[in-house]
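Protein chains in written order, with the working numbering: chain A, 1 to 294; chain B, 295 to 799; chain C, 800 to 1127; chain D, 1128 to 1455.
Worth double-checking, as some hints may not be accurate.
[Stated by the list, open to error] Here are the simulated lysine to any residue pairs, SDA-like style, with alpha carbons at most 20 Å apart:
1) Lys1108/C with Phe1256/D
2) Lys86/A with Pro1221/D
3) Lys52/A with Thr1382/D
4) Lys696/B with Thr1382/D
[Said to hold, decoys possible] With the C-beta cut set under 8 Å, the calculated list includes, among others, these residues of chain C facing chain A:
5) Lys834
6) Thr837
7) Ser838
8) Gln847
9) Phe954
10) Gly958
11) Ile966
12) Thr968
13) Leu972
14) Arg1043
15) Ser1046
16) Ala1051
17) Leu1096
18) Pro1101
For the record, the hints were derived by calculation from the structure and aren't laboratory data. By construction, the Cβ of each residue, glycine as well, lies at the ideal position given by its N, Cα and C atoms.
Okay, here's what each chain looks like letter by letter:
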Amino acid sequence: NGNEKEGPKRMAVVISTLNNPWFVVLGETAANRARELGYEATIFDSQNNTAKEAEHFENIIASGFDAILFNPTDAEGSVSNVKRAKVAGIPTFCIDREVNSLNGPVTQIISDNFSGCVELGQYFVRELNKQGNYVELLGLVGDNNTWNRSKGFHSVVDDFPQLKMVAQQSADFDRSKALEVMESVLQANPNVSAVFCGNDAMAMGAYQALVASGKAEEVKVFGFDGAEDVMDAIKDGKITATAMQSPKLMAKTAAEMADKYLQGDKDIPRKIPIAVEIVTKENIDEFGVYGNGE
Amino acid sequence: MESSTVILQANGITKKFAGVTALQNINLDVHRAKVNVVVGENGAGKSTLMKILSGVYPDYEGQLLLEGKPVSFQNPKEAMEKGIAIIHQELNLIPYLSITANIFLGRELKNSLGMLDFKKMNQQASDLLKRLQCNLSPKTRVGKLRVGEQQLVEIAKALLEDAQVLIMDEPTSAITDTEVEVLFRIISSLKKEGVAILYISHKLDELFKIADRYIGLRDGEMVGTIEEVQEVNKPDLIRLMVGRNIENTYRKNSSASSEEILKVKNISLPKDISKSRYLVQGVNFVLHKGEILGIFGLMGAGRTELLEALFGLHPKIIMGEVFMNGEKVKIKSVKKAIEFGLAMVPEDRKKDGLVMNMDIARNVSMACIDKNSNYGLLDFKKERNQAKNYIKDLRIKATSEKQKSKNLSGGNQQKVVLSKWLATKPKVIFLDEPTRGIDVNAKNEIYHLINELAAEGMGIIVVSSELPEIMAISDRILVMSNSKLTGEFQKETATEDNIMKAATA
Amino acid sequence: MTDFAKGNIGNILKKFQSIIALLVLCIVLALMSDKFLTSENMWNIMRQISINVCISVGMTLVILTRGIDLSVGSILAFSGAVAAGLYKSGIEIPSMDLYIGFTILGAILAGFSVGGTLGAFNGWVITRFKIPSFVATLAMLTIARGATMLWTGGFPITGLGSNFAFIGTGWFLGIPMPVWITIVVVIIAMIITNRTKFGRYIYAIGGNESAARLSGINISKIKIWVYTIAGLLAAVGGIILTSRLDSAQPNAGLTYELDSIAAVVIGGTSLSGGRGSIIGTVQGALIIGVLNSGLVLLNVSPFWQQIIKGFVILFAVIMDRINHPNEE
Amino acid sequence: MTDFAKGNIGNILKKFQSIIALLVLCIVLALMSDKFLTSENMWNIMRQISINVCISVGMTLVILTRGIDLSVGSILAFSGAVAAGLYKSGIEIPSMDLYIGFTILGAILAGFSVGGTLGAFNGWVITRFKIPSFVATLAMLTIARGATMLWTGGFPITGLGSNFAFIGTGWFLGIPMPVWITIVVVIIAMIITNRTKFGRYIYAIGGNESAARLSGINISKIKIWVYTIAGLLAAVGGIILTSRLDSAQPNAGLTYELDSIAAVVIGGTSLSGGRGSIIGTVQGALIIGVLNSGLVLLNVSPFWQQIIKGFVILFAVIMDRINHPNEE
Ligand SMILES: Nc1ncnc2c1ncn2[C@@H]1O[C@H](COP(=O)(O)OP(=O)(O)OP(=O)(O)O)[C@@H](O)[C@H]1O
Ligand SMILES: Nc1ncnc2c1ncn2[C@@H]1O[C@H](COP(=O)(O)OP(=O)(O)OP(=O)(O)O)[C@@H](O)[C@H]1O
Ligand SMILES: [Mg+2]
Ligand SMILES: [Mg+2]
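The shape of chain A in the complex, shown without the other chains (with noise of 0.2 Å):
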């Protein structure tokens, strides 16, 4: 283990891509932070492909980091590699994704994305009061956050008969892709009252579409993420809602954890749960753009 050996210990951040700023955000705020505390810190990009992630473990246990803030492409398939940083004696933090494993990562600093959905489901009723038709743009559909927060959605507005889901297309968690899609869908349900997508990226296309088809003001959009385009959207009351996520928040915390189980003070709770909050224009005030913890 590389605890002996001179210079400033190393921290290695594992994104599952940085093909989405939200996730920019958290590694460089991690990244960021470790280096703060003293630390030398490294990004890696698992490009959401998990078989690229196991890479990045291997190289990062091949040349000795001290430890690893984790952001998990895959809740199943990442468990083999922190379980292998384990053995390999680097501790391991995860951050916003949870994995399948209670005794593999040291702490797992998450913001269910299910849960999120829930609450925002439960908005998107009260916004709707029960009843409308409505769309949803899926992510990446081999993507399991596209599935986890589909369900958390549905998990409760499928509870409500009079809310009808006249379409449901995928828009890769891509603005140009929401564009267009939006476009055709809006040809084939003239009257949608809201419209559901699985990041704010896809939000911000969705609502330009309709903003090309004059119906910006009677259908809402509701995004997830916080990023920085759909809160000032949010603001002009152009969209709905968007479920934070506070990505900062998370980092942070990850490095300070990681910096203090280094420092030999072991006692870290197995799950710090961060809660996902529903940013409209009523409380937008009370957030900075991606969360707090500035």
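Place chains B, C and D with the ligands on chain A using the hints.
Relative to the frame of chain A, chains B, C and D with the ligands by itself:
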């Protein structure tokens, strides 16, 4: 006074390719208003020299003088601008473009708007074609043309701009005798205009008709020139090229037996599914053991298609019956054909004959690879020895059996193709234009070979567009004209004009 | 005589095969959804394919020379990001406290020159070192994407304002701006390919490069220009996209190269060069666009959409083959 | 004489160029990081490239015949998912309350047959309709991906247990299993390409298809086999991956085709067919693998990594060009 007769002069030209020295210190004069014929065996360096004169190869040692002034061309265009045009040995056309587009390629005419001037170009193109007495529409896609017609387009290309030096590297290798006549008429008219013609051909007979002086190349070196062409005869030329006399090994006594080795009944090959037009129609003939059967015809008669059909290349559409040694056979594929003991040396060795990137040994064993493998694994030693033997027997000019085929000259490539097929130990071999673009020496060697094979009891079918050749080597001559058999002659009864009659029937 | 007639039918089929395919597709969709044949939906489709058409026009030229360009998607993203970045924040050089601001036009031109330069670099590498376009542009695909990430830091550049948005979302004489741009691009490209030396040389190089060289055509020059144009048109696409989204996404244009190649090939352009047309490509892009929006209109599951698209591509190309049997 | 000598040096360079490139790379990395030359790291690299090597061996055969296979990534995902799914839940047909369970071996064979079948379909379409492999496999890329999504419903299939995991994570005689598998694949492939008729025919077809046809070679048969093998090896990769992750990811193998083509080309195989070697491809894959882990060891930012990789690909291919100047 020199400059008046000599328009183009090459001093001490040397050209090396990776490994090979193609040209060694060549000094060449090209005379105005004359047909300067360059003769030499395959691989002597004729094409290479021409490519240097026409700017295709910008890098070489030595110097070129045009009208006494030193010139060096970076690309063919510069040579063209200086009035040096070339017809290449290989066709250089764009299949998907029209005849006009090909003729004007790189020299397009533009209208006032800077756009292509189709009208004007088509006009000029059709004028050129008329001049060549070829009645094709200039708008036809070149890909649709036959080899012969494509070569006419190449000639038209060279005639577009009035060059002062016109290089022709085997321009007649694929065109009909009538078309040749037209070309010669054009050449002599160009001569009158003072144009210098550089002419290369392996058809010696046509050289006597047009040559004003001969320049001999051998193994990349000048071996002298002949200025007085009147008293030059074939042996002289051959001596100039080969350096020694070679007696024509023409077919003296037939080795044909009465035993039928191959018999085809009423073979037809429709041009397309709707059997409205045929490439081959109702062909019947027999081939005897040890017999050399010549098939003559003008370009496009359908001879290649006939051979291809028999060789199992068109199994889906071929109609009729084939018998080998008396029993009916169904040739469903080339593989089957080879198993039945057929072999075919194709018309176009570059396209269909060889894998140019592979060495000689691999090419030779291509069609008989099972012979060179044991327990399913290839035996390289066997393969190389096989190739060595053929290089010896057929006198293939190559550094070793490991030399890549693409670095061989035409004639030697042809010999490799022959070896490849002889290696399959065939009972019947089809030779489609076996001597196209091959020098007298190699020709004779191949004739000799054919005779030997026949003597060993092989049945041989030779397709050729050269009447003298056919008459010289065949025991029996079939004539095809637009896809039908139009005549059959025994060696004795065959004469030039009754064959020609049948061919143009 | 019969032959002649047959030839004609063949030609007609060849000429109009993709149009026919397109019509069939449209009729089917119109029958399945009454929402399909609305003018609004038609404009949507037009607007949506406009970017693909711009890219595919460049791709067509490249493929006509027997090349391929895998880097268009990344170049699109980079030039879009550069334009957006410069327009929003200009260039600041604190050291010599210098600030250069950019007008919309300036920013757009900057984006174009980025696209053109990267394209030219592709062409230069390909011709100078005689390496396959597939590899050269594969490398550029990675490089330009990385450059985009560096430039944007992984964050979208948003909030470009309504003037910039006009390019992608505005209307002019009752036609959306992107469609206008595309029409102009297509017309110019058609003139170039059919009526100019340059276009003629493109076909010649694709048909038989060595013959073209022997005719004194400067292969390298033509090719470099072709790849430059491809890069330029990718940049045009990038500007349109950025302006439509009012945001330059770091991962914009991912896998656009595949859509574009699909459009070109469905349009009947041969990957072995020398045969094809701009108008065919436009039809190819239309087929894909109509299919995309149709599948969404019918609310087909995203899973099935991929499978169906795959088979449509196959089908279209097989049709082309059947109409050009003996061409490579 | 000098000529001869020069020829020799040339040959040596040609033979060993990618090895040289590899050594240079390794030395540089070893100097820059003491962690590089550890046996652990070496095994990592081996294990990491094993999947790419398996795929790239198939890709090499395809490219030698002058084709290309863009569908390997999707086929990898699909066959991995099928194997995992069958092993975990078997087949249930409630209607006739039938249940078929699968052993590990059974599941793996099922995965192979899926890969082989899709590959064979590629080959069949390409030869039967004479359409470019690029398009046929592009279609398959979409189709197989869609099929994977349908089969998995978009969810990873996980919890396959330690026996299954052994294939991807186990060690045998001090060597990781994936490396064993790869070694076997490579050796077989080398024998096939260099010493068998089949291999010779592959080169012949790539070198000059019509000459090959006239030599009695059944082009279609050979090609169909080649694409089948490519599919099969993609499946092998899929099994290894699934077992390593103890989970079949629906979006596994995205863009693997590009890594694989890069490996083949860096290994000196010509995209215009007929020239190249398996061993070269292995070296190509090694270069990429070493680079990947090296960039991480040197703690290069992910954005820069893409850019550097792009330039390395360019550099490697240009070197190949310089050593094979006059080959197509
Ligand atoms: N590109 C090349 N690379 C290597 N060697 C070459 C190349 N081109 C020609 N050679 C060699 O140069 C010599 C001359 O070739 P060239 O084609 O000029 O002969 P030729 O007289 O035209 O033969 P033929 O009458 O068959 O056309 C031959 O030995 C040939 O092997
Ligand atoms: N590329 C082609 N496209 C259409 N028809 C062709 C083509 N090539 C040949 N043909 C037709 O096929 C028939 C035979 O042509 P081909 O040139 O093979 O005859 P051939 O007797 O073998 O002549 P040669 O062998 O001397 O070239 C002719 O009627 C010709 O019109
Ligand atoms: Mg020659
Ligand atoms: Mg013929």
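Status of each hint after checking the structure:
For the proposed pair lysine 1108/C and phenylalanine 1256/D, the alpha carbon gap of about 19 Å is at most 20 Å, so the pair holds. At most 20 Å may separate the alpha-carbon atoms for a hinted pair to count; lysine 86/A and proline 1221/D exceed this at roughly 43 Å. Restraint check for lysine 52/A and threonine 1382/D: satisfied, since their Cα atoms lie roughly 12 Å apart, inside the 20 Å limit. A distance of roughly 40 Å separates the Cα atoms of lysine 696/B and threonine 1382/D; the hinted pair therefore is violated under the 20 Å criterion.
With its C-beta approaching chain A no nearer than about 5 Å, lysine 834/C sits inside the 8 Å limit, and its interface hint holds. Hint on threonine 837/C holds. Least Cβ distance to chain A is approximately 7 Å, under the 8 Å limit. At a threshold of 8 Å, the smallest CB-CB gap from serine 838/C to chain A is about 11 Å, leaving the interface hint violated. Using the Cβ-Cβ criterion of 8 Å, the hint placing glutamine 847/C at the interface with chain A is satisfied: the shortest such distance is roughly 5 Å.
The beta carbon of phenylalanine 954/C is positioned within 8 Å of a beta carbon in chain A (closest approach about 5 Å), and the interface hint is therefore held. A distance limit of 8 Å between C-beta atoms decides the matter here; for glycine 958/C the minimum to chain A is near 7 Å, and the interface restraint holds. For the restraint placing isoleucine 966/C at the interface with chain A, the shortest Cβ-Cβ distance is roughly 14 Å, beyond the 8 Å limit, so the hint is violated. Here the hint on threonine 968/C is kept, as its CB sits about 6 Å from the closest CB of chain A, short of 8 Å.
Interface hint at leucine 972/C: violated, since its Cβ lies 18 Å from the closest Cβ of chain A, which is beyond the 8 Å cut-off. Because the smallest distance between the Cβ of arginine 1043/C and any Cβ of chain A comes to about 7 Å, under 8 Å, the interface hint for this residue holds. Against a cut-off of 8 Å between C-beta atoms, the interface hint on serine 1046/C holds, since the closest Cβ of chain A lies about 6 Å away. Hint on alanine 1051/C holds. Least Cβ distance to chain A is approximately 7 Å, under the 8 Å limit.
A least Cβ separation of about 5 Å between leucine 1096/C and chain A falls short of the 8 Å threshold, and the interface hint therefore holds. Annotation: interface hint on proline 1101/C holds; nearest CB of chain A at approximately 4 Å, less than 8 Å.
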